[in-house]
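K.L.:
Once you have looked at the hints, place chains B, C and D on chain A.
First to last, the sequence lines map onto chains A, B, C and D. First residue of the first sequence: 0, per numbering that gives the first Met the number 0; consecutive thereafter. First residue of the second sequence: 0, per numbering that gives the first Met the number 0; consecutive thereafter. First residue of the third sequence: 0, per numbering that gives the first Met the number 0; consecutive thereafter. First residue of the fourth sequence: 0, per numbering that gives the first Met the number 0; consecutive thereafter.
Some clues are possibly wrong.
What the hints assert, rightly or not - Quick list of in silico lysine-lysine cross-link-like pairs, BS3-like style, CA-CA up to 27 angstroms:
1. C/K365 to D/K174
2. D/K174 to D/K206
3. C/K365 to D/K206
4. A/K206 to A/K365
5. B/K174 to B/K23
6. B/K206 to B/K345
7. C/K206 to D/K365
8. D/K103 to C/K345
9. C/K309 to A/K309
10. B/K309 to C/K246
11. A/K345 to B/K206
12. C/K174 to D/K365
13. D/K103 to D/K309
14. D/K365 to D/K246
15. D/K206 to D/K246
No lab work stands behind these hints, which were simulated from the structure alone.
Protein chains: 4
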Amino acid sequence: MTQTDRPKIVLAYSGGLDTSIILKWLQTERGYDVVAFTADLGQGDEVEEARVKALNTGAVAAYALDLREEFVRDYVFPMFRSSALYEGYYLLGTSIARPLIAKKMVEIAEQEGAVAVSHGATGKGNDQVRFEMTAYALKPDIVTVAPWRDWDFQGRADLEAFAREHGIPVPTTQKDPWSMDANLLHISFEGGILEDPWNEPPAHMFKLTVSPEDAPDQPEYVEVEFENGDAVAINGERLSPAALLAKANEIGGRNGVGRIDLVENRFVGMKSRGVYETPGGTLLYHARRAVESLTLDREVLHQRDALAPKYAELVYNGFWFAPEREALQVYIDHVARSVTGTARLKLYKGNCTVVGRKAPGSLYDKDLVSFEAGGDYNQHDAGAFIKLNALRMRVQARVGAKAGQKEVERV
Amino acid sequence: MTQTDRPKIVLAYSGGLDTSIILKWLQTERGYDVVAFTADLGQGDEVEEARVKALNTGAVAAYALDLREEFVRDYVFPMFRSSALYEGYYLLGTSIARPLIAKKMVEIAEQEGAVAVSHGATGKGNDQVRFEMTAYALKPDIVTVAPWRDWDFQGRADLEAFAREHGIPVPTTQKDPWSMDANLLHISFEGGILEDPWNEPPAHMFKLTVSPEDAPDQPEYVEVEFENGDAVAINGERLSPAALLAKANEIGGRNGVGRIDLVENRFVGMKSRGVYETPGGTLLYHARRAVESLTLDREVLHQRDALAPKYAELVYNGFWFAPEREALQVYIDHVARSVTGTARLKLYKGNCTVVGRKAPGSLYDKDLVSFEAGGDYNQHDAGAFIKLNALRMRVQARVGAKAGQKEVERV
Amino acid sequence: MTQTDRPKIVLAYSGGLDTSIILKWLQTERGYDVVAFTADLGQGDEVEEARVKALNTGAVAAYALDLREEFVRDYVFPMFRSSALYEGYYLLGTSIARPLIAKKMVEIAEQEGAVAVSHGATGKGNDQVRFEMTAYALKPDIVTVAPWRDWDFQGRADLEAFAREHGIPVPTTQKDPWSMDANLLHISFEGGILEDPWNEPPAHMFKLTVSPEDAPDQPEYVEVEFENGDAVAINGERLSPAALLAKANEIGGRNGVGRIDLVENRFVGMKSRGVYETPGGTLLYHARRAVESLTLDREVLHQRDALAPKYAELVYNGFWFAPEREALQVYIDHVARSVTGTARLKLYKGNCTVVGRKAPGSLYDKDLVSFEAGGDYNQHDAGAFIKLNALRMRVQARVGAKAGQKEVERV
Amino acid sequence: MTQTDRPKIVLAYSGGLDTSIILKWLQTERGYDVVAFTADLGQGDEVEEARVKALNTGAVAAYALDLREEFVRDYVFPMFRSSALYEGYYLLGTSIARPLIAKKMVEIAEQEGAVAVSHGATGKGNDQVRFEMTAYALKPDIVTVAPWRDWDFQGRADLEAFAREHGIPVPTTQKDPWSMDANLLHISFEGGILEDPWNEPPAHMFKLTVSPEDAPDQPEYVEVEFENGDAVAINGERLSPAALLAKANEIGGRNGVGRIDLVENRFVGMKSRGVYETPGGTLLYHARRAVESLTLDREVLHQRDALAPKYAELVYNGFWFAPEREALQVYIDHVARSVTGTARLKLYKGNCTVVGRKAPGSLYDKDLVSFEAGGDYNQHDAGAFIKLNALRMRVQARVGAKAGQKEVERV
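Isolated chain A (complex conformation):
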């Protein structure tokens, strides 16, 4: 591969038709030398194949990196420490992958002397924001190119004509009537037939989970161990972060756990419908909350839970590398440090129910709570506690009563 004087651009390349077209378009229509980058985040594709294909499609260089451990250890697990859900349900599987991919793109750009980065995200979604926000935050002088926003193609026919013209093979099989994004944390589905929010997703769409109906007729019990805020073992087997998440996916998936169907609010201002499979994430979410319930102080838990929606919003909107996310992370990491213990879950045909939890530093005190007297809790204190808590309401009621009396007198 010879050095040209054309500017270099790093492209997040999946190996699929669309990013192949983008690769060629950046090269032929925008005059870039394209450096392709394919990340293995556990999406299940062969990234080395994508690397070779990129070179064949005209890339001047191509990278394929296995990022699975980094993804789970430095992105998914820190996020999990927050117990945050976006809009009450979404476990942020796509959101959390984008900053890592963009960070690697920036690193490759610096290594390759590239001036720009590009991606295959559309102009209506969140991913463009997540990619570009990260790139700007890490390399403020970077140029971002979002072909879906910029090119003149009108619809897929134009795209495929361009592909054929440039020798990019166009699959003849029917495309799925939805689009998909997969990684070790989840698969998301959106678009196409899912755009009608009244339509139930078809059963054959799902990939990581069996349907609850097809799951085993016997419940499966699973124990998850946490140390200082992170899951470290499943059923007694210590695993690396990525291996643990994969294991959790396997267990959750075979029991039909973790399907979510949601209308959510995008950062760019519109509502969209997403369907998600997050078997391992769902399992770890409930397991973590169970261990938190023993090990986190009440007020700490409540404060943390009040901040979690904001944290989720930041991750969802692409502000992973923003200082406000980092500041909240410092708080969340501090809180998570005491989350050490074990949760026992029962999985059964889509259900994931906590049925037991224990912790060496548990703040649960059986003696304190027992109906029988004992411990250093004096029941007589409760009456006084209530009286002082009620004091301001009693004062207000008296003032109100006086006011009411006056109103009557006025008549």
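P.N.:
Chains B, C and D in isolation, oriented as in the chain A frame:
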């Protein structure tokens, strides 16, 4: 019933052994004339029986009131409008019943000229707070008597001896090794064998729900309609609030929906373990969130969700009649007004999954979100939107880079 | 004025050089028939003069409206009810005026059949956002034209050349080395010599306030009365909202009250330096807080104060007509209803100190707080109250102690 | 001093009449051996004198510790990093001193083998909570004795009789008609003639500040330097935390800065009136905010400011050693790390106005904000930014318009 010069006290009377003992204790040990009050909140007991038993046990008067509609309409439904859960899971079934019972006690106290109220809640739990806080807020000069905090009995043997001594029949059947509280919204279980948070609750404990294993092998679909924030119809049948909740319980219950097992934080400062069955509440919770997802503006939803944990805490802690709960309710009611639409749920062996939602005033716009171009969304705008959102991070990165440079120079 | 087939645009027209150039530019370079609109918000200019000038400059129609009462009653006072400050200091004097101007522009656009609105705000500031966000929210199909973002002029020389070319008189006096925005609530100064945040603003810049050094040597006492959340009288004289604010400006201004010097964060992503004079607003802010301190319940006040920064951010960023601001307003208005009472302030050479407050429904209870015993507060209750509040910390300390002990044993 | 078999108690002893009575009462009426402890927090009293007096009054041991540096370094400055005010005004001068005193009491208790601690705080105030909460959090098995809640004296006559009886000298001078608490951060005044919140405090009450009227006729300029979140120098002179605060008090005090008059809400449920002098704290508060305005990211600042009221509440209520305060502190300390820079303040007859600020890592970018074009800010981006921010409001307006249309049609 003759007028005495003894002071009157209103007792929340269930008809069971414990409140019968309390009735007698208030009368004989504290010198009160006892007015018993039994509320029908849908707990499934015969309240008229309790009324008669109260009179037989020595009450100078006894009330039995059917509060089911008031309970659901003025307490449960307003609370539901917040989509609040306590500590991520608990639907507040016991918490929301106590203020209504206490309010009625105060009303009866005023009617009967009683100076005090009493209840059978223990000195370690939340219910004492909820009862007494409400009483103080509504009648600041009320006296509250909490026998479980005040009497000298040591354990159940003493209690039962007192009962026998005063002719109160003591059941010879073995007590359940847990305690229970039931109403139209839920049944809660706590204490006894549940006090070990590692123990799974026994299958035969549950009453409102079949176990997922025993639920039908075919999924059941259900449609819930909301108008201006409240559920009004199930499967097209318009129902009163209480009837609707009962119907939702029936449907959810037969599909094993709504069991929760939780270690939670009490207001009096300890952790406790609670197990709950809330079939209808769970079903309505997810249905509501689905309709909210179409009808609530993104920022309104996020703001509401940031306030919901605080709202849940207030309800849980017994501050229903506090001005801060009332102020939040005004906000929540305003927000809920636009929640009009229908959710479609699939129930299957414990699962309750939203599979469709629609609304006449839906803010979801298929044209806007579709991958195909069109509508008044210009994709080019997105790049500029991202750039301005990233501006402060770019400035910071530049300053950081300069600072880094300086640090290097210093060396 | 004859009907043309050119599209109409409504321009927020001040009568100054810049908006005169804009008027002409919209007409000659963009082919619009321009409808000028000048609002009297108490900025002290003669709006009728501006109206005539607009017609002379080529406007097909020109409106001059006295909006002072509407401004204070429907915008300033509702905002004041929140006791919100932006970034700890800024009383939002410019921010709150923009939505009203934009709303009137939209109304005139509908009346005149105009398709577009335009304004003289630059492309770097907040005002463009406030104008255009309001226009979009009220009339989603409106076109907005922001000449400062769109035209090709490079610097003031180009602008003035265009002006002379089109017969617009260019003042020969030196421009102030800063820019200004005035209304009944405040004057803001920014730009020019103020852009160095280390520079003290020059004494002669200020207009609404004397400098503290030049204020009278004798303090002035003033009493402000509030009813249901709004100021209604000063020193016993009942005044309309606009007259009251004008009066407060006069009193505060002559005592040097209300100067603020701030580096603030704009919505478009940059920091900027602003200097403000808000004499009446400052006076009313402290007076209101004093009355709130007597009349608002503790928890309500704390909750309201936790929401106030978000409310301020919404107003600052131009989201006045957004549903999340409206929802917060419902809350704020509810809370404000009980703010009825009188504050006494001492003004002296820039100081504005509360020295007394009273309220008919005051929740302050002298008997309760007095060191002498009495009232229905039982001091013994306090010990129990503390114990229950400390319970969770005691449990945690014990667990920590045990953990520490174990760690020691391990060594 | 001989070893007795009486239990030991550590008493926070001021040397004044009241705590001398308490010392004797604990000894004679409660059978304790009293260990007196007097802390020098900069209140201006001679603590060694108190130590001797304690021994003379009957203490078995007496400690006098100079805690000024520890107080400012480990309590005041960490709290200042939050820029928190309680209820909008109060700088928490008394609140922040109590945890340190109580911590020392616990340390002395452990050293002396004491089983209990005692203090002179009344049963109606916040200080009892702050003392005892700290004690419980640090030593969960401690016994706390609050004589003001427990003894049978009725009013001051009883107290003084007891004093005389036990040879404690009773001052014959008239007591001030208010009570006072002083330390290096502030003096607070409450009670007595201040209990009527309509009464202006008398001019002769104040001690740390001259009245604005008596302050110099010439303004004084002062520069405060911050490094990584803490003030380190005044007017170029580097000082230890305590010395810096003393210096700030001196400068602020001679210019009449820092008087606050407030009705506030106590944790025990009542409103009370407090008057405070915090000259140095006020000066440092505004100086810090000025440096923050240059060095903190917008979203970080807004998030921090949203948490500050909660932080202030925790400090005020006595939860300094609670895990939720510690977790917030971790966040606040992280945020504060970048607060490095200098503020320039103008002090004049009670006014404390920021007139300049600079910082080596300032995020303020003059080129970006300047009206003239340039930098990497493209003004065209602003229009697109606004459009996407307005998108959800436009959708809503369209839906609303359609709904409105329908409503009209219905008529």
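K.L.:
None of the hints should be skipped; say for each whether it holds.
P.N.:
Results of checking the hints against the structure:
About 20 angstroms separates the Cα atoms of C/K365 and D/K174, which keeps this hinted pair within 27 angstroms; it holds. With a CA separation close to 16 angstroms, the supplied pair D/K174 and D/K206 stays within the 27 angstroms bound. With a C-alpha separation of about 26 angstroms, the suggested pair C/K365 and D/K206 falls inside the 27 angstroms cut-off, and the hint holds. For the hint linking A/K206 to A/K365, the alpha-carbon distance of about 43 angstroms lies beyond 27 angstroms, and the restraint is violated.
Between B/K174 and B/K23 the alpha-carbon distance is near 21 angstroms, which keeps this suggested pair within the 27 angstroms criterion. Note on B/K206 and B/K345: the hinted pairing holds, with a Cα-Cα distance of about 22 angstroms set against a maximum of 27 angstroms. As the CA atoms of C/K206 and D/K365 are separated by approximately 26 angstroms, the hinted pair is consistent with the 27 angstroms bound. For the given pair, D/K103 sits about 42 angstroms from C/K345 by alpha-carbon distance, which is inconsistent with the 27 angstroms threshold.
Note on C/K309 and A/K309: the hinted pairing holds, with a Cα-Cα distance of about 13 angstroms set against a maximum of 27 angstroms. For a cut-off of 27 angstroms, the pair hint linking B/K309 to C/K246 is broken: about 41 angstroms separates their Cα positions. The hinted pair formed by A/K345 and B/K206 meets the criterion: a straight-line CA distance of about 20 angstroms does not exceed 27 angstroms. Proposed proximity of C/K174 and D/K365 is supported: the alpha carbons are some 20 angstroms apart, at most 27 angstroms.
Between D/K103 and D/K309, the direct Cα distance comes to roughly 26 angstroms. Compliance with the 27 angstroms bound is thereby established for this hinted pair. Using a Cα cut-off of 27 angstroms, the hinted pair D/K365 and D/K246 is violated, with the two alpha carbons roughly 34 angstroms apart. Pair hint D/K206 plus D/K246 holds up; C-alpha atoms about 16 angstroms apart against a cutoff of 27 angstroms.
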